[in-house]
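Let the sequences and hints guide you as you build the complete structure.
If you read the protein sequences in the order shown, they are chains R and E. Mapping of the first sequence onto the numbering used here: position 462 corresponds to residue 462, and the numbering continues sequentially without gaps. Mapping of the second sequence onto the numbering used here: position 268 corresponds to residue 268, and the numbering continues sequentially without gaps.
Do not take every clue at face value.
[Stated by the list, open to error] Computed list of lysine-lysine pairs in BS3-like fashion (alpha-carbon distance at most 30 Å, straight line):
| id | chain 1 | residue 1 | chain 2 | residue 2 |
| --- | --- | --- | --- | --- |
| 1 | R | 115 | E | 292 |
| 2 | R | 97 | E | 78 |
| 3 | E | 13 | R | 570 |
| 4 | E | 440 | R | 21 |
| 5 | E | 21 | R | 46 |
| 6 | E | 440 | R | 560 |
| 7 | R | 46 | E | 13 |
| 8 | E | 366 | R | 560 |
| 9 | R | 3 | E | 21 |
| 10 | R | 46 | R | 97 |
| 11 | R | 46 | E | 4 |
| 12 | R | 563 | E | 440 |
[Unchecked claim] Some chain E residues flagged as far from chain R (calculated, every beta-carbon gap over 10 Å):
| id | residue |
| --- | --- |
| 13 | 50 |
| 14 | 120 |
| 15 | 172 |
| 16 | 266 |
| 17 | 308 |
| 18 | 322 |
Simulated from the structure, these hints should not be mistaken for laboratory data. We put the beta carbon where it would ideally sit given N, CA and C, even for glycine.
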Amino acid sequence: MSKKGQIYRISGPVVTAIGIKAAMFDVVRVGDEGLMGEVIELHGDKCVIQVYEETSGIRPGEPVINTGETLSVALGPGLLTQIYDGIQRPLEDLEEKMGVFITRGVDADGIVMDKKWTFNPTVKVGDVVKPGSVIGTVQETETIEHRIMVPPNKEGTVKDIKQGDFNVTETVCTLDDGTELQMMQKWPVRTPRPFLQKYAPDTPLVTGQRILDFLFPLAKGGTSGIPGPFGSGKTVTQQQLAKWSDAQIVVYIGCGERGNEMTEVLSEFPHLIDPNTEKPLMNRTVMIANTSNMPVAAREASVYTGITIAEYFRDMGYDVALMADSTSRWAEAMREISSRLEEMPGEEGYPAYLSSRLAEFYERAGRVETMSGDDGSVTVIGAVSPPGGDISEPVSQGTLRIVKVFWGLDAGLARQRHFPSINWLNSYSLYPASLDQWYRDNIAPDFPEKRTEISSLLQVESELQEIVQLVGSDALPVDQQLTLEVARMIREYFLQQNAFHDVDTFSSLEQQYKMTLAILSFQDEAKKAIAAGAALEDVVNVESRTNLMRARFEPGYLEKIDKLVDEMKKEINSAVEAEN
Amino acid sequence: MTEKEYRTITDVKGPLVFLNKTEPVSFGEIVSLRLSDGSTKNGQVLDTSDEMVVVQVFEGTAGVDLDTGIRFMGDVFKLPVSKDLVGRILTGAGKPRDGGPDIVAEHNADIIGAAINPYSRRSPEEFIQTGVSAIDSCTSLVRGQKLPIFSASGLPHNDIALQIARQAKLKDSDEDFVVVFCAMGITAEEYNFFRYDLERTGALENAVLFVNLADDPAVERLITPRLALTAAEYLAFEHDYHVLVIYTDMTNYCESLRQIGAAREEVPGRRGYPGYMYTDLAMLYERAGIVKGKEGSITQFPILTMPGDDITHPIPDLSGYITEGQIVISRELHQKGIYPPINVLPSLSRLMNAGIGPNKTREDHKSVSDQLYAAYAQGRELRGLVAIVGEDALNERDLQMLKFADLFENKFLRQSRDEDRSIEGTLDLAWELLSSINTKYLVRLDQKWIDKYHPTEKK
Ligand SMILES: Nc1ncnc2c1ncn2[C@@H]1O[C@H](COP(=O)(O)OP(=O)(O)OP(=O)(O)O)[C@@H](O)[C@H]1O
Ligand SMILES: [Mg+2]
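The following block contains the structure:
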């Protein structure tokens, strides 16, 4: 057996080779055109390969060559602002090489090899460096400093360190044992990058989306799943997070979804300003786009490519947020490959290892002490696309067993154009307990209590609604009718948030908190007024309340809100006076 | 190139033929089968190894026996393309069906089609006026979009598709679309309906038809849309045409997919459809779009009939997961005698926001559309309540909403099959109907638009 064998069988994206010496996950070149593939199974003298490009036209007998490398990504300056396919080929390069249609047999480096970056060392000769130690920095984009690290398997004493302009393959540091370090390192995508220890999350990932931040918060380093039927808002929600969350780096994986959605991100992000840095959002973003019509094997790989890049930035000490849209398409890619391998299927044809793959993926999230002793995190947000919107299926169930936050999208709400159509009754977050101290210290001492008040009002509303269905709302006592009005205010004023509105698209935590105070003070004033004899209808219809609610679409709402609440209080009080 | 004829069939199963002892055969290669009666069939290689080759036969395997001769044609399936395609009617396998000559190829194009590089796409944002109020106002279509019609048997989806094909144009432009029409397993009667209509309006000269009828081979349906899209890509991206692809009925296509899967004894996904159906459909739907450096565009209008009127059935479900919205036809509205019976509530155009507004349609479009939607949704919901408690129990606001829902269906949705409304006409009509509701209840309308467009309250 040698490094070179030949094709024995082709069945879609799965090719079997014979006469080749290979190990699991070796990258091989398949056929006369040298299509890229990866070894995924060994059977005696046969070796099964998943091929990352279209296989039609290739035939048995064509050569297969083992590169001896495992599927890896190139890590170094040049990752940010890029858009890649599932195997880290920059789509811009592919366009240059093959035009607007992706044909095959073309290679492209993950990061530009000949671009010079200014390297500023942070160590000096004689310093001892360990795996993960930062040896220097490169200003990669306007806002992000790329920290050049010693690869996880190397260490020693610095013998020589450079300063100046280098490309990613030139040596910038030499260790006493002669090891040469460059700005680029490679890492096999299916192996998690090492860290010293995992910490419990204690800081929220602030997203600017009211229902998420206030009711179902996600922690930096946490995991969340967004299941929902088609058209319910998974992509819009994930894009909102990619835009407005306070992560320092965003990795956005379009996994088996629409081409136009990626185009939208590409055309929008360079013009959107990051509220935290005031610079274009693109500066902190890496995109992976393996759309539904691109090869499924590369779709399977795309998720690993993305998470490895995320871990790499985490290792520099950054807070990274990764969105995968949609993990269901990833699971389907696994299913397709598995069925070509004639593996014994599990539930609904998915391979038996589906749930362990999902768990391994989400397990790569976390807040960690990096190899160099820094603090970094990867937050993972996965969309799930259950058939018919029914989450009893394997991918939803496998995801819900692992993730700590469940944002359940609801077709009914989407149909009512209540956006984001996250169902507030069945969604949950397991993080509040570990985040509440942060809110008390940073936003307001009673922040958690306000959350409880708001969610119990919503709970009460749903119980009242059941009665209303039977007897109509007029049959309820007036205090319960008021509760319904307050809950309606929560829904329409607070939970609904228009992603496409320039102002409403983002709401700071301070503003969220004030908005809930406004709702609760409406409730208090209305109660008092009604007790003093005012009619519910008059209290509810005060114009100043409409103004308070409408003004959230205007810039500078945070500054105006107290005044608007005061006006509302006054008007409600005068409704009482008019009555008496 | 193997032109040798093999007689080594070992098994025939459903539309599949298994044979061995061949020279190396390539994956996806086209196959010609010669039956003992001298007739021929075509197929394609689905699986190939040194020991066994699996061929899917497009015309079905009736008449195939172990003596059937098999030749491998040395190439994957290609469609001869040229500008002469326009005005032609072809079979579901791409052969002339109109008695005309074979297409003289400018070149031969691989029908599988390569994926458009997402980086090379342009965002679709040019409003297409269909002249149908329900669509133009609430589920606006843009050039390069894929927007299916979710219908069900017995509903007038064909009329709607034809009306759109006839009327669709960019606002303020006379530029026509080239229609690529792809029939999959529809009845001869339906097909004749399409053809006569296209002939009657002269649109046939500007159309290419690929026709696989109900009594044509089911497996052939798997290539018909690929031929149609290959023709569409050629016309759009090599000759700058704006192409409107209408395919009907996707449900028949999916049935053929299921049939092949079953014959291969694959592990099925939901309700017996192959696990890869999502990807397979995406390989069709994603061939819509506009790209950098090319003038032309491909807009897709797939029609599918939902089995059992069930929108969660895998066919509409997987389609909805890929397309950029959907137009839902309602049996209830149809039974009320309303044409076009489009239910705007479950319908959605995801690219609408990019295509409407000032300089595109009209500044008040978004506002009007939100208000129409909200008022109609409320009115419809109240119908249920009225059935229980009676109209007397309603307050003034609810009464107005209830009446509006009727007006909306009878005056706004309803239009005749050849009525081509401009977007301004549609929006003005919307204002007229909305003015039946007291303005204080029209909370989705910006005051500035009320001041400008409200028929009785404008300033
Ligand atoms: N927060 C929001 N604000 C306003 N509109 C929204 C919001 N979320 C969703 N929408 C609307 O819903 C539509 C569908 O949303 P989206 O594309 O995110 O659905 P999806 O769940 O990703 O669907 P699919 O599974 O088919 O990809 C959007 O085009 C938009 O019109
Ligand atoms: Mg989506």
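Structure-based check of all given hints:
| no. | hint | result |
| --- | --- | --- |
| 1 | R:115 <-> E:292 | holds (26 Å) |
| 2 | R:97 <-> E:78 | holds (23 Å) |
| 3 | E:13 <-> R:570 | violated (81 Å) |
| 4 | E:440 <-> R:21 | violated (77 Å) |
| 5 | E:21 <-> R:46 | holds (20 Å) |
| 6 | E:440 <-> R:560 | holds (25 Å) |
| 7 | R:46 <-> E:13 | holds (28 Å) |
| 8 | E:366 <-> R:560 | holds (27 Å) |
| 9 | R:3 <-> E:21 | holds (28 Å) |
| 10 | R:46 <-> R:97 | violated (34 Å) |
| 11 | R:46 <-> E:4 | holds (29 Å) |
| 12 | R:563 <-> E:440 | holds (25 Å) |
| 13 | 50 | violated (5 Å) |
| 14 | 120 | violated (4 Å) |
| 15 | 172 | holds (25 Å) |
| 16 | 266 | violated (6 Å) |
| 17 | 308 | holds (13 Å) |
| 18 | 322 | violated (6 Å) |
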